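Letter by letter, the chains look like this.
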Amino acid sequence: MSATVLVDAGGANLGSVRYALERLGADVRVSRDAAEIAAASRVILPGVGAAASGMALLRERDLNKVLRELTQPLLGICLGMQLLYEGSEEGGVECLGLIPGSVRKLAAEPARDGKPAIRVPHMGWNTLQLRQSDPLLEGIGDGAHVYFVHSYAAPVDERTLATCQHGSPFAAVVRSGNRYGAQFHPERSSTVGMRLLANFLKIPA
Amino acid sequence: MLSRRIIPCLDVADGRVVKGVQFRGHVDVGDIVELAMRYRDAGADELVFYDITASPQGRHVDKEWVERIARVIDIPFCVAGGIRSVADAREVLHAGADKISINTPALQRPELVAELADAFGVQCVVVGVDSLRDEDGQWRVRQFTGDVERTQALAKTTLEWVAQVQDLGAGEIVLNCMGSDGVREGYDIEQLQRVREVCAVPLIASGGAGAMEHFLDLFRRVDVDGALAASVFHSGAIAIPQLKQYLHAQGIEVRHAVS
Chain A
421 MSATVLVDAG GANLGSVRYA LERLGADVRV SRDAAEIAAA SRVILPGVGA
471 AASGMALLRE RDLNKVLREL TQPLLGICLG MQLLYEGSEE GGVECLGLIP
521 GSVRKLAAEP ARDGKPAIRV PHMGWNTLQL RQSDPLLEGI GDGAHVYFVH
571 SYAAPVDERT LATCQHGSPF AAVVRSGNRY GAQFHPERSS TVGMRLLANF
621 LKIPA
Chain B
90 MLSRRIIPCL DVADGRVVKG VQFRGHVDVG DIVELAMRYR DAGADELVFY
140 DITASPQGRH VDKEWVERIA RVIDIPFCVA GGIRSVADAR EVLHAGADKI
190 SINTPALQRP ELVAELADAF GVQCVVVGVD SLRDEDGQWR VRQFTGDVER
240 TQALAKTTLE WVAQVQDLGA GEIVLNCMGS DGVREGYDIE QLQRVREVCA
290 VPLIASGGAG AMEHFLDLFR RVDVDGALAA SVFHSGAIAI PQLKQYLHAQ
340 GIEVRHAVS
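Chains as they are written, first to last, in this note's numbering: chain A, 421 to 625; chain B, 90 to 348.
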């Protein structure tokens, strides 16, 4: 079986994700080639930036079709997770439509009753609340801290494996069949994030 | 709930971590990767690497050491110093940094903040603000603070500048309170409170940490997102695991590091 392929969707965190996978001993390739992506044993779609430019880049590189047709395990990270949904409020853009639902902007809230203000972007370490056990989350405990940087998020529904709360709760980890998403940055979430990536690499291709 | 971040800042010169002595003369304190990993293991939430030679000397950040850190580290890190253009920022971000921080170049050409936000998203763009209270009671920004011979006071007030850079697209502000910096008598609570009122994006306090109580006082009195410090961590005066235990015991939300 061929390598784990990281889709080159122009995100600045591409290098960090690749290094994290290399530290886990994975055979990893960075690609924007549709045939190579289709032949991969596993595919990771990282992403930093805006939904519209992310989707535009995938279309420009003619990768939206191959991503839609993948049957092997697919993990979207941060913006990469958001692109798996049907659409995003960010720029009103149509996304890949691999997971039902739409991504919405996080709501900022002023400080009140001694509680700190909710600021957007949601930037920093926050905790996971586990909702469903899943091989992707094996070894990760309820309340584990992971690193988030985002202004948009997917709603909580039956596909949500773990939530996080920033003002309202949102989907922090999602699974729909063989499609997975992490709203946080596993490559920047210390031991917990490395565990999630290691778990993803163990999902049978 | 979002944790309060504890952020050690490491000064870098020629790819090595150095310690400044009263802003002049620097002593080599170790290998950049080794120190980065030591702080990572201690439970630092993020690291800032400040290239102290790049900005005043008009040089660019050497991306070789940025990449060396990115290969080994699994917590976020920010690179400051020497970033004056979108091209400079791209090099540093593509080498693996999560954020870039700009200070003097933003003062010289504020549109740079907008250009960086457009190119990489606001979450990558940190603006460092060096601020000092003048005799009239106003806090104003300083530039070229990396070089004591060239440091200049500007007419712009700190509050105006913080509002302006947010409008341009700054995703985070690091407020370095120069009056308390290096004194180790605590963060400048009053100034941080005032800036917090006008700052809707994450705000990081810098300057003045000397004891664990200073961090507690800061987080109790100002809704800052994080606290940055250098010498107290480098000297070993405060160990991050103990600091976090202490803050946690006092009811402050911090990340517990898992080993």
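One thing to keep in mind: the hints can contain errors.
[Said to hold, decoys possible] Selected chain B positions facing chain A (Cβ under 8 Å, derived; list incomplete):
1. P165
2. D256
3. G260
[Claimed, not checked] Dumping the calculated EDC-like pairs for lysine to aspartate or glutamate here, alpha-carbon to alpha-carbon at most 20 Å:
4. A:K535 with B:D103
5. B:K108 with B:D270
6. A:K535 with B:E342
7. A:K525 with B:E286
8. B:K152 with B:D130
9. A:K535 with B:D256
Worth flagging that the hints you see were computed from the coordinates, not collected in a lab. No experiment lies behind these values; they were computed from the predicted model shown. All C-beta atoms in this analysis are idealised placements derived from N, C-alpha and C, irrespective of residue type, glycine included.
Next item on the list: Mind checking the alpha carbons of K535 of chain A and D103 of chain B for me, to see if they're no more than 20 Å apart?
Entry: Violated, because 44 Å separates the two Cα atoms, which is more than 20 Å.
Notebook entry, point to check: Holds or violated: is there a CB of chain A closer than 8 Å to the CB of D256 of chain B?
Noted result: violated (15 Å)
Checklist line | Restraint check for K535 of chain A with E342 of chain B, where alpha carbons must lie at most 20 Å apart | finding: This hinted pair holds, its Cα atoms lying about 12 Å apart.
Note to self: Against the 20 Å threshold, does the CA-CA distance of K152 of chain B and D130 of chain B hold or violate the hint?
What the structure shows: Distance ~24 Å between K152 of chain B and D130 of chain B Cα, so the pair is violated.
Notebook entry, point to check: Is K108 of chain B within 20 Å of D270 of chain B, Cα to Cα?
Noted result: holds (15 Å)
Check: Does the structure keep K525 of chain A and E286 of chain B at a Cα separation of 20 Å or less?
Finding: violated (23 Å)
Next item on the list: Answer holds if the nearest beta-carbon of chain A is closer than 8 Å to that of G260 of chain B; otherwise answer violated.
Entry: Hint on G260 of chain B: holds, closest Cβ of chain A at ~6 Å, below 8 Å.
Notebook entry, point to check: Quick one, are K535 of chain A and D256 of chain B close enough, alpha carbons at most 20 Å?
Noted result: Given pair K535 of chain A, D256 of chain B is violated - Cα atoms ~26 Å apart, limit 20 Å.
Note to self: Let's test the interface hint: is any C-beta of chain A closer than 8 Å to that of P165 of chain B?
What the structure shows: This interface hint holds because 5 Å falls under the 8 Å limit.
Of the numbered hints given earlier, the model fails hints 2, 4, 7, 8, 9; all others are met.
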